[in-house]
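**Student:** Keeping the supplied structure of chain X fixed, place chain C upon it in accordance with the hints.
Going line by line, the protein sequences match chains X and C. Residues in the first sequence are numbered from 1 upward in steps of one, following this note's numbering. Residues in the second sequence are numbered from 1 upward in steps of one, following this note's numbering.
Since the hints were derived computationally from the structure, they do not count as laboratory data. Check the hints yourself; a few may be wrong.
Since the list gives no way to pick out one identical chain from another, each pair is judged satisfied if it fits inside one copy or across any two copies.
In silico DSS-like cross-links for lysine-lysine, where the CA-CA straight-line distance does not exceed 30 Å [as the list claims (entries may be wrong)]:
no.	residue 1	residue 2
1	LYS114	LYS162
2	LYS76	LYS291
3	LYS213	LYS291
4	LYS159	LYS224
5	LYS50	LYS225
6	LYS15	LYS189
7	LYS139	LYS18
8	LYS291	LYS15
9	LYS114	LYS225
Computed from a prediction, not measured in an experiment: that's the story for all the values here.
2 protein chains.
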Amino acid sequence: MSVLIVGSTALDSIKTQKAENPRLLGGSASYASVAASFFSPVQMVGVVGKDFPRRYIRLYESHGIDLAGLQIVPGKTFHWSGEYEADMNHRRTLLTELGVFETFNPVLPPTHRKTPFVLLANIAPSLQSHVLDQVQRPKFVVADSMDLWLNIALSDLLKLVKRVDGFVLNDSEARQLTAESNLLEALRKIHRLGPKYVVIKQGSHGSILSGPKGLFVCPAYPLKKLVDPTGAGDTFVGAMMGCLAAAPGSIDRNLRQAMVYGSVIASFCCEGFGLTRLARLTRAEIEGRVKELRRLTAF
Amino acid sequence: MSVLIVGSTALDSIKTQKAENPRLLGGSASYASVAASFFSPVQMVGVVGKDFPRRYIRLYESHGIDLAGLQIVPGKTFHWSGEYEADMNHRRTLLTELGVFETFNPVLPPTHRKTPFVLLANIAPSLQSHVLDQVQRPKFVVADSMDLWLNIALSDLLKLVKRVDGFVLNDSEARQLTAESNLLEALRKIHRLGPKYVVIKQGSHGSILSGPKGLFVCPAYPLKKLVDPTGAGDTFVGAMMGCLAAAPGSIDRNLRQAMVYGSVIASFCCEGFGLTRLARLTRAEIEGRVKELRRLTAF
Numbered sequence: 001m002s003v004l005i006v007g008s009t010a011l012d013s014i015k016t017q018k019a020e021n022p023r024l025l026g027g028s029a030s031y032a033s034v035a036a037s038f039f040s041p042v043q044m045v046g047v048v049g050k051d052f053p054r055r056y057i058r059l060y061e062s063h064g065i066d067l068a069g070l071q072i073v074p075g076k077t078f079h080w081s082g083e084y085e086a087d088m089n090h091r092r093t094l095l096t097e098l099g100v101f102e103t104f105n106p107v108l109p110p111t112h113r114k115t116p117f118v119l120l121a122n123i124a125p126s127l128q129s130h131v132l133d134q135v136q137r138p139k140f141v142v143a144d145s146m147d148l149w150l151n152i153a154l155s156d157l158l159k160l161v162k163r164v165d166g167f168v169l170n171d172s173e174a175r176q177l178t179a180e181s182n183l184l185e186a187l188r189k190i191h192r193l194g195p196k197y198v199v200i201k202q203g204s205h206g207s208i209l210s211g212p213k214g215l216f217v218c219p220a221y222p223l224k225k226l227v228d229p230t231g232a233g234d235t236f237v238g239a240m241m242g243c244l245a246a247a248p249g250s251i252d253r254n255l256r257q258a259m260v261y262g263s264v265i266a267s268f269c270c271e272g273f274g275l276t277r278l279a280r281l282t283r284a285e286i287e288g289r290v291k292e293l294r295r296l297t298a299f
Numbered sequence: 001m002s003v004l005i006v007g008s009t010a011l012d013s014i015k016t017q018k019a020e021n022p023r024l025l026g027g028s029a030s031y032a033s034v035a036a037s038f039f040s041p042v043q044m045v046g047v048v049g050k051d052f053p054r055r056y057i058r059l060y061e062s063h064g065i066d067l068a069g070l071q072i073v074p075g076k077t078f079h080w081s082g083e084y085e086a087d088m089n090h091r092r093t094l095l096t097e098l099g100v101f102e103t104f105n106p107v108l109p110p111t112h113r114k115t116p117f118v119l120l121a122n123i124a125p126s127l128q129s130h131v132l133d134q135v136q137r138p139k140f141v142v143a144d145s146m147d148l149w150l151n152i153a154l155s156d157l158l159k160l161v162k163r164v165d166g167f168v169l170n171d172s173e174a175r176q177l178t179a180e181s182n183l184l185e186a187l188r189k190i191h192r193l194g195p196k197y198v199v200i201k202q203g204s205h206g207s208i209l210s211g212p213k214g215l216f217v218c219p220a221y222p223l224k225k226l227v228d229p230t231g232a233g234d235t236f237v238g239a240m241m242g243c244l245a246a247a248p249g250s251i252d253r254n255l256r257q258a259m260v261y262g263s264v265i266a267s268f269c270c271e272g273f274g275l276t277r278l279a280r281l282t283r284a285e286i287e288g289r290v291k292e293l294r295r296l297t298a299f
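One chain only, chain X, in its complex shape (with noise of 0.2 Å):
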């Protein structure tokens, strides 16, 4: 099956302690549409600006991506600069240029409104729910955040959130939500919010998840070279919901699964500046690597 991805599409300019990379392809709908497009087809929602770089489209073309949904509209394309700390869990904000994203508003063609797998990959709370106003009886729709709609937009996060069947935030995000430091406490009161599912990110060191069947402890992959952490908590959300739109069964069976398939995607994207190491990535390199993590946590 299909999953349809809405979020934002950007043009980053990422600065490490060890290198400057401009204009790098990057939005959390880019990273997601890439991951996902691994393992099922992926329907793209997003804006770009006339200045979007041809060799981008091509990017998303080779891996398949149905563009349909993508606008490219007169303007400039969102910019984002950042410049990480050597401590990369830390990043600072160099500029912001929204350009055409500052007007987006999500059009789903026709063609769109059955997808039955529906990422609502990070941007402003109103429009994903202006996303979901769109679609047709899915059969499973996530939303992603992060901290920003939670500090600007909280009543529009509440209302999307209630309508969700999964929620993914990262574990400073869901202390914020909830004030509570205990992450099972967290999650308690975030599945009082609305969600069934609950996935609570924590980089490094992996993922939560709390749904119907209990609590699931996802591994992450130990890195050998961490060279820009950008997107990892887009692709693994991305490519979970790849995963789910790929596999037979209920959620509830395969979810597990699919989060170590984000995991692995996540690990693979940190190994390079925005998506130049997903771009060359290949489904062997995937699989041999989620063996390895089978093998690294078996006991």
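**Tutor:** Only chain C this time, still in chain X's reference frame:
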């Protein structure tokens, strides 16, 4: 087989945001010995003053701990007092009264010199080395440490580390010792200091082993309620050594399982102040939680 455990034996006064408990049984040797005692016979070596409560001697005895190596001398027992912040990853020391611990000279009774498993729980590395001088051809020696010794006794620590089979430390200590933010790089550098096995503890995120058979990513049990994390690391390594001493076969074969038991015992430790939870822990509860951890992490 038996485990010889050398470390501190103390009285801990612990304050959290919710409660205050004076003069609990504490110290690295107390925590590690009680933890190990669930799996194998333990010989504990330490020192306490004449003020040491009789009930704590009975607690050791009720766990079958051999106290031939526990010196009871005139003076006051080591007393530590600390306070945890709301985020229990942070604590501050309110008071340290070394008492009889200041002149502690660990002397092994003749019966303790051929014990096959030796755990040098957290004390000054010079004392840990002094214990190693007294043992005869142990099968497996592990040392635990803390940031204090990295700061004030680094050269002693480096001398010790050359002589042990396994070295256990937490993630921030590993980063400090190696000036490496990447854990795999840090592990590689610590192996170069001598130990064949290195375990990095990551608190609520589990632990990671590096040894001749490669890596093992060991999960932590997700805690419903964190009451007091004091001694969690000591109980982890104590239980690990107890399991290794109890299991037939090679260290390489048994180490993963032993770490999982360590993780589970540490999780119980955090559910009560000091050793209060472990004091009433049953083997059935331990086995139940190991099974649960297996279920929580299976994919």
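**Student:** For every hint, state whether the structure bears it out.
**Tutor:** Now for the hints, and whether the structure bears them out:
With identical chains, the CA atoms of LYS114 and LYS162 are at most 30 Å apart within one copy only, with a shortest distance of 20 Å there and 64 Å across copies. With identical chains, the CA atoms of LYS76 and LYS291 are never at most 30 Å apart, being 43 Å at best within one copy and 55 Å at best between copies. Both within a single protomer and between protomers do LYS213 and LYS291 lie at most 30 Å apart by alpha-carbon distance, with minima of 24 Å and 16 Å respectively. In this assembly of identical chains, LYS159 and LYS224 lie within 30 Å of each other by CA distance solely across copies; the values are 28 Å between and 40 Å within a copy.
Within a single copy, LYS50 and LYS225 get their C-alpha atoms no closer than 35 Å, and across copies no closer than 53 Å, so neither meets the 30 Å cut-off. Taking identical chains as interchangeable, the C-alpha atoms of LYS15 and LYS189 lie at most 30 Å apart only when they sit on different chains, with a minimum of 27 Å there against 37 Å within one chain. Proximity of LYS139 and LYS18 under a CA criterion of 30 Å is satisfied in neither setting, with 44 Å inside one chain copy and 45 Å between copies. In the homo-oligomer, the alpha carbons of LYS291 and LYS15 never lie at most 30 Å apart, since the shortest distance is 33 Å inside one protomer and 45 Å across protomers.
Taking the shortest alpha-carbon separations for LYS114 and LYS225, neither the intra-copy value of 41 Å nor the inter-copy value of 43 Å comes in at or below 30 Å.
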